[in-house]
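> Using the hints, position chain B against chain A.
Protein chains in written order, with my numbering: chain A, 1 to 439; chain B, 1001 to 1439.
Accuracy of the hints is not assured; some may be wrong.
[Unchecked claim] Under the rule of at most 27 Å between Cα atoms (straight-line distance), these lysine-lysine pairs were calculated in the DSS-like manner:
#	chain 1	residue 1	chain 2	residue 2
1	A	Lys109	B	Lys1064
2	B	Lys1109	B	Lys1181
3	A	Lys382	A	Lys392
4	B	Lys1382	A	Lys30
5	B	Lys1030	A	Lys436
6	B	Lys1030	A	Lys30
7	A	Lys315	B	Lys1382
8	B	Lys1393	B	Lys1436
9	B	Lys1181	B	Lys1232
[Claimed, not checked] According to the in silico footprint, chain B covers these stretches of chain A (three or more CB under 8 Å from chain B):
#	segment
10	15-28
11	39-45
Rather than coming from a laboratory, the hints here were simulated on the basis of the structure. By construction, the Cβ of each residue, glycine as well, lies at the ideal position given by its N, Cα and C atoms.
Here is how the chains run, residue by residue.
Protein chains: 2
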Amino acid sequence: MPDIIEPRLLKGFRDFLPEAESARSSLMRKLENVFSSFGFVPIDTPVLEYADILLGKGGGETDKQVYRFIDNGGRDVALRFDLTVPFARFMAQHTEDLYLPFRRYHMAKVWRGENTQRGRYREFMQCDFDIVGVDSASADADIVLVIASAMEALDVGGFIIRVNHRGLFNRFLSRLGVGEKGSAVLRLVDKMEKVGSAVTRESLAAEIGPDAADSVMEFIRREEGFEPTMDKLVRLCPEGDALAAEAGKRLREVFEIAEATGFSRSLSLDPSITRGLDYYTGIVFETTLQALPDIGSVCSGGRYNDLASLYTTKKLPGVGSAIGLDRLLAALEIIGRQEKLGGSPQVLIAHPEGASLPSLHTAAAGLRSLGVWAEVYPEPRKMQIHYAYAEKKGIPYLAQVDASFESSGLLSIRILAERRTLDPMDMKSVAAFLSKGST
Amino acid sequence: MPDIIEPRLLKGFRDFLPEAESARSSLMRKLENVFSSFGFVPIDTPVLEYADILLGKGGGETDKQVYRFIDNGGRDVALRFDLTVPFARFMAQHTEDLYLPFRRYHMAKVWRGENTQRGRYREFMQCDFDIVGVDSASADADIVLVIASAMEALDVGGFIIRVNHRGLFNRFLSRLGVGEKGSAVLRLVDKMEKVGSAVTRESLAAEIGPDAADSVMEFIRREEGFEPTMDKLVRLCPEGDALAAEAGKRLREVFEIAEATGFSRSLSLDPSITRGLDYYTGIVFETTLQALPDIGSVCSGGRYNDLASLYTTKKLPGVGSAIGLDRLLAALEIIGRQEKLGGSPQVLIAHPEGASLPSLHTAAAGLRSLGVWAEVYPEPRKMQIHYAYAEKKGIPYLAQVDASFESSGLLSIRILAERRTLDPMDMKSVAAFLSKGST
Chain A
1 MPDIIEPRLL
11 KGFRDFLPEA
21 ESARSSLMRK
31 LENVFSSFGF
41 VPIDTPVLEY
51 ADILLGKGGG
61 ETDKQVYRFI
71 DNGGRDVALR
81 FDLTVPFARF
91 MAQHTEDLYL
101 PFRRYHMAKV
111 WRGENTQRGR
121 YREFMQCDFD
131 IVGVDSASAD
141 ADIVLVIASA
151 MEALDVGGFI
161 IRVNHRGLFN
171 RFLSRLGVGE
181 KGSAVLRLVD
191 KMEKVGSAVT
201 RESLAAEIGP
211 DAADSVMEFI
221 RREEGFEPTM
231 DKLVRLCPEG
241 DALAAEAGKR
251 LREVFEIAEA
261 TGFSRSLSLD
271 PSITRGLDYY
281 TGIVFETTLQ
291 ALPDIGSVCS
301 GGRYNDLASL
311 YTTKKLPGVG
321 SAIGLDRLLA
331 ALEIIGRQEK
341 LGGSPQVLIA
351 HPEGASLPSL
361 HTAAAGLRSL
371 GVWAEVYPEP
381 RKMQIHYAYA
391 EKKGIPYLAQ
401 VDASFESSGL
411 LSIRILAERR
421 TLDPMDMKSV
431 AAFLSKGST
Chain B
1001 MPDIIEPRLL
1011 KGFRDFLPEA
1021 ESARSSLMRK
1031 LENVFSSFGF
1041 VPIDTPVLEY
1051 ADILLGKGGG
1061 ETDKQVYRFI
1071 DNGGRDVALR
1081 FDLTVPFARF
1091 MAQHTEDLYL
1101 PFRRYHMAKV
1111 WRGENTQRGR
1121 YREFMQCDFD
1131 IVGVDSASAD
1141 ADIVLVIASA
1151 MEALDVGGFI
1161 IRVNHRGLFN
1171 RFLSRLGVGE
1181 KGSAVLRLVD
1191 KMEKVGSAVT
1201 RESLAAEIGP
1211 DAADSVMEFI
1221 RREEGFEPTM
1231 DKLVRLCPEG
1241 DALAAEAGKR
1251 LREVFEIAEA
1261 TGFSRSLSLD
1271 PSITRGLDYY
1281 TGIVFETTLQ
1291 ALPDIGSVCS
1301 GGRYNDLASL
1311 YTTKKLPGVG
1321 SAIGLDRLLA
1331 ALEIIGRQEK
1341 LGGSPQVLIA
1351 HPEGASLPSL
1361 HTAAAGLRSL
1371 GVWAEVYPEP
1381 RKMQIHYAYA
1391 EKKGIPYLAQ
1401 VDASFESSGL
1411 LSIRILAERR
1421 TLDPMDMKSV
1431 AAFLSKGST
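So that you can see chain A by itself, here it is in the shape it has in the complex:
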């Protein structure tokens, strides 16, 4: 006998067993339906790309988190670490084949050699959606409406999409005169949720002085309702500033669309949202679940000026968002709404000693043709074994193919949880009963 290799996984990598994979896959199907209903189309890109494409010219010093290596052909390659960089390369490369405005979604794995002690995984699923090639309130609103529709489709309970506009924040900072320290201010504000407002004020004071810090704290405080918040933001921006006025108008339009489509309840104007990165230039947003505010944002994003400047001189403004699939999945499990669709068959066809194989499979095929997911237990076994198997797999019903099946077409259904067998029924009645039972 050869030596056994111990079966094991790399740190930070996971297997998905059927229940978990069914839940993930069901979640993805629901999101796909929402994306499609808003006109988003799917794309896919390779897992492996040239390192300079993913990391910029020369690749720079290698980020320790990136899986990068030399392939057998001597090429410097890396596993993608997000879906944004490959999308930028994709848009630059396929300009001729694509139409603008282009709205796409992409759900796929990415890899980062993160510190696993913080409960992070090195292989995880990302879900990005963007509208590229247009700068409009309609596009901004569509991204927000997709998020709201997705949260409703996933039945996550209450949620709040907190929205802000980086243009307003920038104009306020320009009036404040903090110059090049603006980026630092944005990053400090972005961290406030984690560190608390006292620490944030202190850090701001250290960066730009106590008076300016107080002004920032006033600016980012959320007021009751959209109008009072908006009034304050406009008041704190330079008077008569055209850019600030434009940003305010954009926000107002987005909120009007949300109002008209019935989603305004889930939107909140929150001046403390900045999304740190310099990348964003317009609307920015984060989404939190009311049942689980502590897990942080499950869906964030914003508007950017130029998606693909690394790969093309063509200007591609856009707005987009990423859903944290793993975080959302964990959240759904915690609040008891983990999806189980697509997991278990509805009925197990019993396979007693001496059964007719053609009859068992004919019964299963007949039920399938009526839309029932039916599985034949694949060898003769005692009923206790069937029961244990069905319970482990989450199959609620057992069908017994009666001796008379070939002539009568009758099946006896056993409700396993109730240990009760119903009188024999024909296939159509079985299918009707099972579809009722499964709702």
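Positioned in the frame of chain A, the structure of chain B alone reads:
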């Protein structure tokens, strides 16, 4: 301006643009439905694993086709090159958490540094499904029925699943007395479809002599119908051989189940099917499309003795198959049945100059709530621009939100291909019209 990095892909890697990705994704959804209806459940495993897990103890000499490297933590790792090896590792590792018999499917990408000159890709999608932990005719038949059901669900036109039993072939070879040359014989026969029967006979003669070669050629010749073929196979095996009798019985049971469930038309007993590999021990099969016999098998597999012997002492017999997703997708495109479901929205909401944004988005939201995929053109543009966009994206209808929309709720639908605008309709009539138009 910084230097532009030329957007490009690694050789053998592909982007999937929306139309291709929609087709692939639709194909996968249809397969998932078939798998689920037979009680198969999904799993997922990491893309990256320890090299010794994927390649065996010590990793041996590295196969040039495997993407293998040392990660930032000094681990010897590789990208999976198939889904069978990770599945074996998975079954050995999760024995405690899984139930047997276990039927799973797995659709995911794998990587091989193949010679791209033969039109092969280095990143491609595999689709495996297996029933593990049982050795029975019912399980063998279920795998074959899944294939037949999948081909019907995909509407590929006529197809033939050619079935054989390696046990019968082995007993025949034992009677022939070719000893250790049996494996070579199986591989030569496996290649016959590519090289032709004359070359095969010649190669066989060189390997085992002209008389034995003639016997093999007689054995593998397909006779008209199941019974005559079966009679010949039994006749050429050792007389009264128990193993041959058992193999013959198994084949007969599988064909009886296919007959009872209405699939016998698509099954053919073909003694020339061997599937080369020593791995297979029972039933083996290949699937060819009648419209495209030249592309080879789109779905093959068979029964094996022991899935996970590298990782566990626990014996795991099974039967399984792999669908060549890329090949099948290419075939569907050639025969004009490429799927386009899930691709384009049904209706584009026109966005003329001066339109009310809330009205446009309310109209879209209303249609979505009636099940229609509706997209708002995201900025004001001339109708010609709308038409061009809709045509490129494959959207068949344009909806004009009339000035009276807010009070009347009426929309005017334009059938773009016919350049014809219908009288204004309310939302329900629009939804009913679009769902009729899209069938």
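> Of all the hints numbered above, which does this structure not satisfy? Sort the numbers upward.
Hints 2 and 4 contradicted; others consistent.
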